[in-house]
Amino acid sequence: MAIRRGRGVAAINYPTGMNLGGDPTQALVHSTPTGNFMVTLSSVDLGQGMKQIMAQICAETIGVPTDRVVVDTADTDTGPHCMGTFASRGTHRAGNAVIQAAREARQVMLEVAAEELEVNASDLETDGQGNILVKGAPQKSISIFDVALSAHFKRGRSISGRGMFLIPRSYPEKETGAMKPSTCYAHACTVAEVEVDDETGEVTVLTVKNVFEIGRALNPKMVEQQLVGGSWMGISHALYETTEPYYPNRDHGGTDFNQYLMPGPGDLAETEIIVLERPSADGPYGAKGPGEMCANPQIPAVANAVFDAVGVRIDTLPITPERILRALKAQAAN
Amino acid sequence: MAKVPVQFTLNGSEKAEFVDSGTTLLHALRDKIGDTSPKGGCHQGTCGACSVIIDGELRLSCLTLAETCNGVAITTTAGLSEAGVLHPLQRAFLEAFATQCGFCTPGMIMAAKVLLDHTPNPSRDEVVEALSGNICRCTGYEPIIQAVLTAARSNSQNAA
Ligand code: FES
Ligand code: FES
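So the protein sequences, as listed, match chains V and E.
All residue numbers for the first sequence refer to the working numbering, where the first residue is 1 and numbers rise by one.
All residue numbers for the second sequence refer to the working numbering, where the first residue is 335 and numbers rise by one.
In short, the hints are calculated from the structure, not lab data.
Treat the hints with care, since some could be wrong.
Restraint ranges, calculated between C-beta atoms of paired labels, are given here [claimed, not checked]: (1) V:P33 - E:A417: 27 to 33 Å; (2) V:E241 - E:A417: 40 to 46 Å; (3) E:D459 - V:K180: 35 to 41 Å; (4) V:T200 - E:A417: 41 to 47 Å; (5) V:E202 - E:A350: 40 to 46 Å; (6) V:E241 - E:Q378: 45 to 51 Å; (7) V:F86 - E:P339: 22 to 28 Å.
Backbone N, C-alpha and C define an ideal beta-carbon position, used for all residues, glycine too.
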């Protein structure tokens with residue numbers, strides 16, 4: 001009876017969003033009378049940072065500082081339609097919709113500015129600080145504040161835009177089965193090192209080293225936050241969490257936090273995160289969906305590490321001491 | 335059933351309420367007084383989201399009856415900032431990206447505050463121990479541990 005060490009590796013690719021029915025999301029953007037911009041969405045922020053990212057995307061597209069944008073996701077009854085924030089789709093789907101809406105709003109904004117400055121709208125550019133300038137003659141300029149006032153009170157224009165993301169549903173080709181099941185893919189690779197006590201079946205994760213390829217990181221600190229939390233959650237799924245330990249028999253399922261196991265702050269493996277950015281062609285400013293993907297590769301990596309340590313393949317999650325001991329017993333009997 | 339009068343200070347101001355006997359402090363704070371910073375995660379003492387500080391001690395407000403709180407001084411996360419300036423712990427949580435959905439955050443900050451009040455320069459193990467009664471679904475804990483260590487360091491710099 002001994003503590004045995006093992007190391008496992010796993011690599012995944014992970015689709016962003018769904019294909020079925022086209023996976024639509026819509027967005028509306030409009031300016032206030034003082035030149036702030038509202039983004040209206042039904043895509044709910046669960047804590048993943050949806051609002052911050054949509055504000056950045058809208059600001060980048062219109063050409064204003066991010067703090068001039070307010071994102072309203074208050075009501076999924078009255079907001080423009082969204083399928084929801086799941087399947088790692090929020091940034092990609094809603095982001096594309098926001099870009100389209102913000103482009104239309106920007107165009108109206110430039111048209112109003114052009115009338116005020118008596119130039120062509122195509123000769124105008126934004127400085128990213130809240131001003132519109134004539135290209136090549138930046139001394140000729142107008143603030144977005146004044147443009148919005150003019151639109152609202154003088155010219156009767158609505159600086160607004162509509163955006164939507166919709167891909168046609170893809171069906172498999174009859175002959176080959178080939179289809180396009182999703183848009184872009186994020187990728188990840190994890191190496192996990194574990195110790196397995198072959199007497200008790202207990203697994204301790206020593207280190208988790210993750211590389212994530214997530215398109216462009218629109219907000220690098222928030223991406224890192226998501227990945228650190230996701231890596232922990234992957235370990236948790238691999239070794240601890242289940243509501244149905246003896247599925248389909250419901251007996252002994254966890255009913256509260258005393259019985260539903262998750263690793264606490266004292267059970268953390270040494271975790272490393274490396275981010276690779278390969279901007280996607282169809283994502284908003286190159287983004288992909290890192291959301292769910294980041295909690296996946298740890299699971300097969302831990303399963304492989306357990307196999308490396310004690311030579312048994314556990315193919316049911318979570319990899320509990322009981323499952324390991326049963327497998328070791330079966331192995332010894334053979 | 336007759337209501338029970340209860341009087342305490344909450345973040346420095348006097349509060350007086352009539353509550354039903356058996357009302358938890360969590361319910362009294364959130365639904366009667368309107369301080370929603372303590373969160374109800376489990377209502378049975380297993381998640382730590384409802385943590386508050388009562389007379390300097392960390393307590394679970396979901397397991398504390400409001401009627402037992404006569405004359406005590408209660409601190410919640412809502413009372414930590416002063417004149418719009420964030421408490422060092424709040425600032426550290428913000429800067430370390432130690433919050434995602436934020437549901438666990440007030441409880442984490444309460445637990446961390448009691449730790450730092452008693453142990454201004456804690457080791458990592460002491461931080462882990464202090465947070466071990468609080469569950470977080472989102473962050474993987476490491477950013478929270480780092481935030482508490484950072485707040486401790488900034489406190490000791492200010493004191494020096
Ligand atoms: S709500 Fe009090 S410990 Fe969970
Ligand atoms: S930040 Fe979501 S539970 Fe901790």
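Here's how the hints hold up against the structure:
1. Taking the beta carbon of each, P33 of chain V and A417 of chain E are about 31 Å apart, inside 27 to 33 Å as hinted.
2. Checking the proposed 40 to 46 Å range against E241 of chain V and A417 of chain E shows it holds: the Cβ atoms sit about 43 Å from each other.
3. Look at D459 of chain E against K180 of chain V: about 51 Å separates their beta carbons, and that is not inside 35 to 41 Å.
4. Checked against the given bound of 41 to 47 Å, the beta carbons of T200 of chain V and A417 of chain E, roughly 55 Å apart, lie outside it.
5. Here the CB-CB span from E202 of chain V to A350 of chain E is close to 53 Å, at odds with the stated 40 to 46 Å.
6. Taking the beta carbon of each, E241 of chain V and Q378 of chain E are about 19 Å apart, not inside 45 to 51 Å as hinted.
7. Restraint check, F86 of chain V to P339 of chain E: a C-beta distance of roughly 48 Å breaks the suggested window 22 to 28 Å.
Checked against the numbered hints listed earlier, the structure breaks hints 3, 4, 5, 6 and 7; every other hint is satisfied.
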